[in-house]
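Number of protein chains: 2
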Amino acid sequence: MRGKNSCRILLLLILFMRIPVIELKSQEEDTKAFFIKSVFEVALENQMSYRWLYHLSENIGGRIAGSPQSFKAIDFTHTVLDTLQSDTVWNQACEVNYWYRGSKESVKIIGSEIKGKKILNVLCLGGSGATTKKGTVAEIIEVQSLEEIKERATEIKGKIVFCNRKWNNRNLRTFHSYGEAVDQRVFGPNEASKYGAVACIVRSMTGRMDDNPHTGVTIFNDGIAKIPALAVSTNDADYLSQLLKKSKIKLQIKTHCEDRGIVNSFSVIGEIKGSEKPDEIILVGGHLDSWDVGGGAHDDGAGCVQSIEVFYLLKKLNYKPRRTIRCVLFMNEENGLSGGKTYAKVSKDKKEFHYAAIESDAGGFTPKGLTYDVDTSTLTRYSKFFEGWNSLLTPYDIKISKGGSGADIGPLKEQKGILFGLSPDSQRYFDFHHTEVDRITAVHPRELALGSAAMTSLVYLLDQTP
Amino acid sequence: MRGKNSCRILLLLILFMRIPVIELKSQEEDTKAFFIKSVFEVALENQMSYRWLYHLSENIGGRIAGSPQSFKAIDFTHTVLDTLQSDTVWNQACEVNYWYRGSKESVKIIGSEIKGKKILNVLCLGGSGATTKKGTVAEIIEVQSLEEIKERATEIKGKIVFCNRKWNNRNLRTFHSYGEAVDQRVFGPNEASKYGAVACIVRSMTGRMDDNPHTGVTIFNDGIAKIPALAVSTNDADYLSQLLKKSKIKLQIKTHCEDRGIVNSFSVIGEIKGSEKPDEIILVGGHLDSWDVGGGAHDDGAGCVQSIEVFYLLKKLNYKPRRTIRCVLFMNEENGLSGGKTYAKVSKDKKEFHYAAIESDAGGFTPKGLTYDVDTSTLTRYSKFFEGWNSLLTPYDIKISKGGSGADIGPLKEQKGILFGLSPDSQRYFDFHHTEVDRITAVHPRELALGSAAMTSLVYLLDQTP
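Protein chains in written order, with this note's numbering: chain A, 391 to 856; chain B, 391 to 856.
Check the hints yourself; a few may be wrong.
Note that identical chains are pooled: a pair holds if it fits in a single copy or bridges any two copies.
[What the hints assert, rightly or not] Here are the simulated lysine-lysine pairs, BS3-like style, with alpha carbons at most 27 angstroms apart:
1) K505 with K635
2) K738 with K540
3) K556 with K427
4) K789 with K422
5) K508 with K667
6) K505 with K644
7) K524 with K415
8) K556 with K706
9) K774 with K789
10) K792 with K422
11) K644 with K741
12) K705 with K640
If you're looking for bench data, these hints aren't it; they were derived computationally from the structure.
Assemble the whole structure, with the sequences as input and the hints as a guide.
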């Protein structure tokens with residue numbers, strides 16, 4: 391009998407209580423769905439981020455940390471965040487090491503026996519040393535890996551090392567291929583220098599066969615000579631490799647790079663103060679510096695203007711955040727991470743808590759998802775929301791899943807908030823990454839806006855959590 | 391007691407039978423997952439479709455049905471399907487109506503009071519009539535809809551109607567915006583002619599503001615005069631609309647189009663005969679004709695080379711299909727659908743059964759899914775597989791869902807097989823659709839290859855069903 395009574399009570403409870411609860415819940419979901427729909431519609435219609443990116447990429451251009459262009463970018467984005475009526479906008483000081491390319495580098499095949507092309511498409515790597523005015527002339531030796539440099543140490547002294555391991559095109563995600571190949575660029579020149587090489591040239595980090603060399607950082611350890619280090623285009627890397635199969639080859643390399651030392655620079659920060667929980671910060675960001683060639687449109691002008699657009703969209707839709715929302719445009723991600731490190735240090739000193747941080751630094755292409763990077767202990771605080779968020783974001787082809795976040799926000803991990811990275815379609819990214827052709831023409835206004843909308847939606851959903 | 395015995399028997403059954411069943415099932419899934427992985431890897435590594443598309447788009451070029459280019463495209467694709475060692479390759483005759491643009495069309499603003507730009511960026515619509523040699527001169531009247539043409543019928547006689555309803559950029563899927571806007575292009579000129587307009591110009595079907603006019607089909611009903619009908623670029627449509635706000639405007643239009651009548655053309659068909667169920671056909675296809683401007687790279691060179699690449703990938707991976715696989719490159723999708731209609735008719739006469747058909751005709755961008763279009767009664771035969779397929783395709787960001795298939799395969803629906811359409815990212819598509827800039831440069835080899843891989847994977851999964 392007890393069982394039957396329990397059943398009846400349960401039935402009554404269901405009849406009189408569960409329905410209103412479901413309705414309330416569903417009303418809440420409807421409100422959220424409606425807000426997110428508005429975010430996407432306004433982003434797609436107004437395409438504000440593209441206009442800012444045009445200025446950043448085409449009028450200011452490549453903006454390596456410490457350069458005059460980087461200071462123009464600081465002024466410009468500061469002004470835009472002001473114009474959007476952020477509660478506060480400030481520049482946060484950070485020291486950067488200013489590497490300067492100098493006049494155009496060159497690599498020439500020498501020797502009259504070579505009948506074909508003589509001038510190669512190259513770009514100095516960031517951190518590269520300079521040659522003398524007359525240039526460096528030496529024989530070239532091709533290797534496939536850092537290990538091979540070590541193994542052939544005795545052959546390398548006085549030579550130019552050519553790191554030419556090919557990009558693996560079989561990976562679905564191009565960032566995996568980048569991860570597999572990039573040790574050659576970051577550590578190759580250091581390794582070559584260690585064994586007495588006079589210069590190092592590295593196959594460009596891309597799976598695309600073309601004439602664009604891709605620069606990027608190379609790191610020399612303390613006590614290792616900073617030799618000239620250059621990227622060569624994939625077409626020319628194959629050409630060189632073919633020539634080497636037939637005969638020995640000498641190159642003449644001229645580079646004019648300067649290490650201009652420490653410069654005082656800034657990250658740019660805008661803030662909308664939270665109305666209920668001002669001490670819990672939700673950060674959106676990208677990095678304001680880029681390489682000095684091209685326009686730094688995808689890397690990472692896109693992330694900066696998308697982060698600014700989050701502010702624009704929240705304001706446009708009259709959303710008053712409960713938590714504090716910060717837009718942080720980090721300086722010096724490309725060659726030092728000084729902005730990100732400084733930001734985390736200042737935040738720690740101030741005993742701040744970042745409830746969440748979202749970085750966009752994988753290009754301005756159609757977003758496919760938002761990936762979270764969080765300690766297992768912290769995960770439970772957030773993971774209970776993932777199902778609901780996914781069902782609200784699926785209509786926009788956005789999926790929340792485990793993955794990376796961003797280099798600049800990485801140091802915030804110790805605050806035990808959740809870190810997210812915007813994850814766009816990656817197929818075209820390494821056609822443009824660190825090249826002359828990373829310009830506004832490579833970015834589509836709708837794809838860019840969809841990224842901003844995805845970030846804004848996540849900020850909203852995070853802010854709506856209890 | 392009976393209950394307890396049942397439980398024991400069930401337990402025994404589970405212990406001695408279920409485990410091997412699960413293992414078998416899981417082995418089968420592993421085999422499938424491995425095959426699909428290989429499909430994607432080989433497609434991404436070899437990028438064959440891009441090479442064929444280069445030839446189709448750049449060496450052959452725009453290939454409207456009936457044109458010399460369309461015959462070159464027939465010969466080229468026939469040869470490629472032969473080279474891939476299809477069991478049979480044949481051309482299927484179909485009659486097409488050959489519309490010929492003639493020499494470059496022009497639209498000029500006349501009147502010395504207009505100080506700005508005078509020459510507009512225009513393209514005749516397919517089906518447009520010609521002007522006299524001197525051209526047509528008339529006043530222009532702007533409308534927003536077909537209804538407005540009807541409402542303002544009395545004003546329209548002797549005028550040039552300008553259909554200028556804007557594209558809705560707020561839609562996430564650009565094909566929705568196309569659907570909302572395209573009645574102006576397809577039916578606007580006919581409606582204008584009905585009420586005595588002497589010409590019609592239509593805002594280009596795109597949300598992008600630029601100088602590229604977008605052609606496309608316009609349909610005149612029997613007995614309605616085929617007036618000159620042109621698309622104007624979005625920039626110039628806005629410019630014209632601004633001018634019209636200030637004063638009346640006359641245009642001089644010159645077009646030189648010819649209806650060259652019925653031409654015998656062909657769809658190209660390749661076949662790999664099934665080893666177990668040769669009478670069940672799985673079709674992959676796209677349409678071989680394009681508009682006469684640009685290279686027809688995305689529309690629909692992409693769909694053709696992807697369908698050919700399905701054959702390439704199956705052969706390369708030594709897959710021997712159980713069912714018959716057909717690659718059909720349909721003629722005349724753009725202005726008549728003669729290839730698709732003829733194919734379905736011949737198929738019906740031969741009492742064939744298409745177990746499935748997959749069309750790619752939405753651009754060569756990163757695929758997001760495969761959408762099925764099927765009668766409810768037929769659905770059950772296939773839907774039981776969807777969950778399994780989805781779990782195998784999710785790692786490649788491909789989702790099976792309800793949606794459209796393709797115009798060419800539409801007439802096969804009555805055979806009660808399942809129809810699929812490849813559904814790529816649509817954000818950039820209407821930058822290029824039916825324009826001079828739909829060239830190989832707008833296509834990315836990896837994105838194109840991913841579409842081929844998605845289609846090949848689905849063909850394989852369909853072929854593996856009992």
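The hints, checked one at a time:
Taking the shortest Cα distances, K505 and K635 sit within 27 angstroms of each other inside one copy (15 angstroms), while across copies they are farther apart (64 angstroms). For the identical chains of this complex, K738 and K540 are neighbours neither inside a copy (41 angstroms) nor across copies (69 angstroms), given an alpha-carbon limit of 27 angstroms. Within a single copy, K556 and K427 get their C-alpha atoms only as close as 43 angstroms, which misses the 27 angstroms cut-off; across copies the closest is 21 angstroms, which meets it. Proximity of K789 to K422 under the C-alpha cut-off of 27 angstroms is found in both arrangements, the shortest distances being 17 angstroms within a copy and 25 angstroms between copies.
Proximity of K508 and K667 under a CA criterion of 27 angstroms is satisfied in neither setting, with 64 angstroms inside one chain copy and 59 angstroms between copies. For the homomeric pair K505 and K644, the shortest alpha-carbon distance inside one copy (21 angstroms) is at most 27 angstroms, but the shortest distance between copies (53 angstroms) is not. When the C-alpha separation of K524 and K415 is checked against a cutoff of 27 angstroms, the pair qualifies neither within a copy, at 74 angstroms, nor between copies, at 69 angstroms. For a Cα distance limit of 27 angstroms, the shortest separation of K556 from K706 across copies, 23 angstroms, qualifies, whereas the shortest one inside one copy, 47 angstroms, does not.
In this assembly of identical chains, the alpha carbons of K774 and K789 lie at most 27 angstroms apart whether taken from the same copy (15 angstroms) or from different copies (25 angstroms). When the C-alpha separation of K792 and K422 is checked against a cutoff of 27 angstroms, the pair qualifies both within a copy, at 23 angstroms, and between copies, at 25 angstroms. When the C-alpha separation of K644 and K741 is checked against a cutoff of 27 angstroms, the pair qualifies neither within a copy, at 49 angstroms, nor between copies, at 73 angstroms. In this assembly of identical chains, K705 and K640 lie within 27 angstroms of each other by CA distance neither inside one copy nor across copies; the values are 60 angstroms within and 44 angstroms between.
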